[in-house]
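**Student:** Now for the letters of each chain:
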Amino acid sequence: MSLPDKTTTIEAAVARIPDGATIMVGGFGVPGTPFTLIRELVRQGQKDLTLIKNDANETGMGIDLLIANGQVKTLISTHIGLNANAISALNSGRIRVEFCAQGILAERIRAGGAGLSAIVTDIGLGTELAEGKQVVEMHGKRLLVESALRADVALIHADCADPFGNLTYAATARNFNPLMAMAAPMVIAEVETLGPLGSLSPEAVETPGAFVDHVAELSELSEDYGIVRR
Amino acid sequence: MSDANPLDARARMIARAAREITAGMVVNLGIGLPTKVINHLPANLPVCLHTENGMTGIGATLPYERADRNLIDAGGAYVSPIPGSAYFDSAVSFALVRSGRLDLTMLGAFEVAQNGDLANWKIPGKFSPGAGGAIELAQKARRVVVMTTHTDRHGNPKLLQQCTLPLTAQRRVARIFTDLAVIDVTAHGFELCELATGVTVQEVTEATGAPLIVPDTDIPTF
Chain A
1 MSLPDKTTTI
11 EAAVARIPDG
21 ATIMVGGFGV
31 PGTPFTLIRE
41 LVRQGQKDLT
51 LIKNDANETG
61 MGIDLLIANG
71 QVKTLISTHI
81 GLNANAISAL
91 NSGRIRVEFC
101 AQGILAERIR
111 AGGAGLSAIV
121 TDIGLGTELA
131 EGKQVVEMHG
141 KRLLVESALR
151 ADVALIHADC
161 ADPFGNLTYA
171 ATARNFNPLM
181 AMAAPMVIAE
191 VETLGPLGSL
201 SPEAVETPGA
211 FVDHVAELSE
221 LSEDYGIVRR
Chain B
1 MSDANPLDAR
11 ARMIARAARE
21 ITAGMVVNLG
31 IGLPTKVINH
41 LPANLPVCLH
51 TENGMTGIGA
61 TLPYERADRN
71 LIDAGGAYVS
81 PIPGSAYFDS
91 AVSFALVRSG
101 RLDLTMLGAF
111 EVAQNGDLAN
121 WKIPGKFSPG
131 AGGAIELAQK
141 ARRVVVMTTH
151 TDRHGNPKLL
161 QQCTLPLTAQ
171 RRVARIFTDL
181 AVIDVTAHGF
191 ELCELATGVT
201 VQEVTEATGA
211 PLIVPDTDIP
221 TF
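As given, the protein sequences belong to chains A and B, one line each in that order. The first sequence: position 20 = 20 (UniProt numbering), numbered continuously. The second sequence: position 117 = 117 (UniProt numbering), numbered continuously.
Don't read these hints as lab results, they were simulated from the structure. These numbers were taken from a predicted model, which means no experiment stands behind them. Any given hint might turn out to be false.
[To be verified] Listing some non-contacts, in silico: residues in chain A with all C-beta distances to chain B over 10 Å:
no., residue
1, Met1
2, Gly32
3, Thr50
4, Asp55
[Claimed, not checked] Here are the simulated SDA-like cross-link-like pairs (lysine to any residue), alpha carbons at most 20 Å apart as the crow flies:
no., chain 1, residue 1, chain 2, residue 2
5, A, Lys133, B, Ala77
6, B, Lys36, A, Lys133
7, B, Lys126, A, Ser92
8, B, Lys36, B, Arg98
9, A, Lys73, B, Ala77
10, B, Lys126, A, Lys47
11, B, Lys36, A, Gly81
12, A, Lys141, B, Ala77
13, B, Lys126, A, Val97
14, A, Lys47, A, Gly70
15, B, Lys126, A, Lys141
16, B, Lys126, A, Lys133
17, B, Lys126, A, Arg229
18, B, Lys126, A, Ser88
19, A, Lys141, B, Lys36
20, A, Lys133, B, Gln170
21, B, Lys126, A, Thr59
Backbone N, C-alpha and C define an ideal beta-carbon position, used for all residues, glycine too.
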């Protein structure tokens, strides 16, 4: 028996994304951001996208290119403070931003990936983020219901992979990637190193390939992935 | 205000805040000013620094030439591992925060109220960076302290009777380190604990937008 081969090209994988898609994008700052998949999405020009990403990258990088290109309708995020363009797009109404507490965004995605409908939490009570959310009483306390999040597509950046889509991540490039890799029916992983089946120790695999649909090896790492000298 | 050099005042504030971190703690330093305290921690202090993007055991900040492109803190600074460091995803990172494993978090602030309310994520219509991990840090760390300039760039007080901006968390701030003073949030409001070198009680009182309790005893300086 052998495991299926899911390798493809960046272009072919991104071509499967339709206009109007909701897309989870891994990364926290530069580490773990799938810059090559994002640049291909800019080139292909899919419109009216809803993005779910921890942050808005920085001006001229990552999903800022999608925002600047007018492809983004809504951004669900935790912090956009390092991207002045994103803040001005928000202030002028060019994009809608739904803010979420960072760990709650992670748990909403994990819940979506785990087939659950919602999580219940006291995080955000007494703040603006609680407005409009369902409140339940449990354990004698008022708690917020936070809906689980799923997307149409998840774009993942991984360090190593095999053709089946088993993935490992480098250092702080994990962040939202292993969670998002469970939370969409179409998971596309760009990977720095693709080895044959068996090249990854089963004990080292962080995202099991059964969650992953398409694996595209990066032929080179563009400057996007490098050190940012601020 | 005082004749002290503002750069010295900032450095003294950071050095003083660093002394809040003691042996054995698990600590999260907010992005901006708080992360600067790393450079003031004694090299042999046994302490575990946590960062939201998925690491415990943060070592020295690295110059660009020696940086690892995959290793940053939540503010984007290039950091290094130390023996015993661990990496994990964002769900694990905040499980650690929400389950009460953080002994201390040190956060920045737009405003702090005399009851310990904190506002640090949104100035409506102007600057809405988002709260990042601050809501969970402020709500769940066992002790929450703030480091901030005493007044904003226009000279308006940031320590107030009530916050005017959207809140990050209610009644959680225990202590505030500023360029002028160390101030505790007590059941009776702000209480002056320490003065920066060269700063008078009157200067602190005038720069604070709420009543300030001043103890009768000698007030230490930093």
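**Student:** May I ask which of the numbered hints given earlier this structure violates, with the numbers listed in increasing order?
**Tutor:** As far as the earlier hints go, 2, 4, 5, 6, 8, 9, 10, 12, 15, 16, 17, 19 are violated by this structure, in ascending order.
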